[in-house]
Amino acid sequence: MTSVLFYLFSAILLFAAFRVISAKSAVHAAIFLILAFVTTSAIWLLLEAEFLAITLVLVYVGAVMVLFLFVVMMLDMNMEPLREGFTRYLPAGILVAATIVFEMGIVLGGRYFSSENFPAPVPHGSDYSNTKELGEQLYTTHLFSFEVAAAILLIAIVAAIGLTFRRRVESKKQDIPHQHRVDRNDRVRMLDIREESVS
Amino acid sequence: MFGLPEDLITVIWTLIKIVVIVAPLMLGVAYLTYAERKIIGYMQVRIGPNRVGPKGWLQPIADALKLMFKEIILPTGANKMLFVVAPVLSIAPALAAWAVIPFDDGLVLSNLDAGLLYILALTSVGVYGVIIAGWASNSKYAFLGALRSAAQVVSYEIAMGFALVGVLMAAGSLNLGDIVRAQEGGFLNWYWLPLFPLFIVYFLSGVAETNRAPFDVAEGESEIVAGFHVEYSGMTFAIFFLAEYANMILIAALASVLFLGGWLSPFAGVPLLGDMTAWVPGLFWLLMKMSIFLFFFLWFRATFPRYRYDQIMRLGWKAFLPVTIFWLFVEGIAIYAEIGPWFDGVLGA
Numbered sequence: 001m002t003s004v005l006f007y008l009f010s011a012i013l014l015f016a017a018f019r020v021i022s023a024k025s026a027v028h029a030a031i032f033l034i035l036a037f038v039t040t041s042a043i044w045l046l047l048e049a050e051f052l053a054i055t056l057v058l059v060y061v062g063a064v065m066v067l068f069l070f071v072v073m074m075l076d077m078n079m080e081p082l083r084e085g086f087t088r089y090l091p092a093g094i095l096v097a098a099t100i101v102f103e104m105g106i107v108l109g110g111r112y113f114s115s116e117n118f119p120a121p122v123p124h125g126s127d128y129s130n131t132k133e134l135g136e137q138l139y140t141t142h143l144f145s146f147e148v149a150a151a152i153l154l155i156a157i158v159a160a161i162g163l164t165f166r167r168r169v170e171s172k173k174q175d176i177p178h179q180h181r182v183d184r185n186d187r188v189r190m191l192d193i194r195e196e197s198v199s
Numbered sequence: 001m002f003g004l005p006e007d008l009i010t011v012i013w014t015l016i017k018i019v020v021i022v023a024p025l026m027l028g029v030a031y032l033t034y035a036e037r038k039i040i041g042y043m044q045v046r047i048g049p050n051r052v053g054p055k056g057w058l059q060p061i062a063d064a065l066k067l068m069f070k071e072i073i074l075p076t077g078a079n080k081m082l083f084v085v086a087p088v089l090s091i092a093p094a095l096a097a098w099a100v101i102p103f104d105d106g107l108v109l110s111n112l113d114a115g116l117l118y119i120l121a122l123t124s125v126g127v128y129g130v131i132i133a134g135w136a137s138n139s140k141y142a143f144l145g146a147l148r149s150a151a152q153v154v155s156y157e158i159a160m161g162f163a164l165v166g167v168l169m170a171a172g173s174l175n176l177g178d179i180v181r182a183q184e185g186g187f188l189n190w191y192w193l194p195l196f197p198l199f200i201v202y203f204l205s206g207v208a209e210t211n212r213a214p215f216d217v218a219e220g221e222s223e224i225v226a227g228f229h230v231e232y233s234g235m236t237f238a239i240f241f242l243a244e245y246a247n248m249i250l251i252a253a254l255a256s257v258l259f260l261g262g263w264l265s266p267f268a269g270v271p272l273l274g275d276m277t278a279w280v281p282g283l284f285w286l287l288m289k290m291s292i293f294l295f296f297f298l299w300f301r302a303t304f305p306r307y308r309y310d311q312i313m314r315l316g317w318k319a320f321l322p323v324t325i326f327w328l329f330v331e332g333i334a335i336y337a338e339i340g341p342w343f344d345g346v347l348g349a
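Protein chains in written order, with the working numbering: chain V, 1 to 199; chain F, 1 to 349.
Just chain V, same shape as in the assembly (with noise of 0.2 angstroms):
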């Protein structure tokens, strides 16, 4: 049973990846990267890494792939001149992909990765927490790793708002808290239309 989930999600992984980069339409290649993903975090559900599994569908489907869409959608890209020089360059991709799939090969084939190394998980009780288990590692035994990718990551975020954050003078911005003391004076005028006043 497991076995065969394993080679449908493969085959759908397989299809999905080669889709990103065949689809002729930013936005359909897109949407094959999640699915992409979907079916990676089903694979790492057989695998019993449930927080994993979860957490990729949450931060990359849920937030990053969303974001990355809207930039997609917004752009109107005319795709014939990217086709242009494809024979041209032909050699060189195919070169530069043969190396990186005979470096992958080396890598993935040898000692370290074979499959001694890695037998096929134990199943775990149902009173096993995948999630428990692998917050006490962060928290305890990676604690410090686990800080200092915290900062880098800050320190990313923050260069990053700086390098893009330009203040223009001329904008007209709203001065929220001027509109928040606003009373009801100010817009409202109570007047008293009983009969004889109107008359």
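Hint data in this document are derived by calculation from the structure and do not stem from the laboratory.
Among the clues, some could well be false.
[Said to hold, decoys possible] Taking lysine to aspartate or glutamate and the EDC-like style, the derived pairs with C-alpha atoms no more than 20 angstroms apart in a straight line are:
id, chain 1, residue 1, chain 2, residue 2
1, F, K318, V, D175
2, F, K17, F, E6
3, F, K17, F, E71
4, F, K38, F, D63
5, V, K172, F, D310
6, V, K173, F, D310
7, V, K24, V, E84
8, F, K66, F, E36
9, F, K17, F, D104
10, V, K132, F, D178
11, F, K140, F, E223
12, F, K17, F, D7
Keep in mind that this is a model prediction, so the values were computed, not measured.
Put chain F on the given structure of chain V with help from the hints.
Below, chain F alone, put in the same frame as chain V:
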């Protein structure tokens, strides 16, 4: 059983359970629309639907039939494939999230250990239906609605996630059943009291997440007609509608489970009254709590004018997010100080 292989029996049994959850849910959606029209009607000194069936009881059925027989229009220049897929992407997460909602002690389709994360992941996927619908329609109004909705949902998800972190800190578990069990004791033991700011932030973010009034700029009929689903008609529109209401009921169910003790009786521990109501099934209490939240959804819609778009963003990022982060610190201190009856024994677990 009947000589069938074990796996097949599991699959069939799960399918039966899914039908038992989804069928009442769909009925609930139908009558929520009826309740909405009636309640808002009375709030605005009108009667609301009262023609179809006794007191208008058959109105939602008539609406459903009408939508089913309407033509589905494909706009010119629309991306056909994505145009049809979008409603499916919208309703699938709204239904799938119900798998981990505990209706009573042990009465849950999947007793998932990372239930809260699963919910968070699925609700964040729901936004694709809206974005893809807006883009595939090849219409400016639809696209504007989709962009607004996407920005809003992504922003409020963060405040919502932080509110959930508060609950999981207090309960020490991501399993929704365990979260309810951690609130056992009585009305004052539920998390709404110690986590009050998170409770408010969670529910309001839920309202924003489902694109309901006063945060419904994604539909904003006075500005962009109907937003992301302008071009949808008939059943394709009905599916977006179903998804929106299923999500409302889901938010109500989650708020009840996380902050109001799920299936627990409000009278537990009260002398006399507690014993008198001990026979009431937990499902009843859960449904009552959900109804309160659903009523709030409708009440908001009848009461508040629509938020301005920049104010929505401001509220999410500059009000809700700091409040949740501040309260997480307060909660951390409370857990360290073992303040009872909510936070004693969290450290040891």
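Self-check item: Violated constraints from the hint list, given by number and in increasing order
Solution: 3
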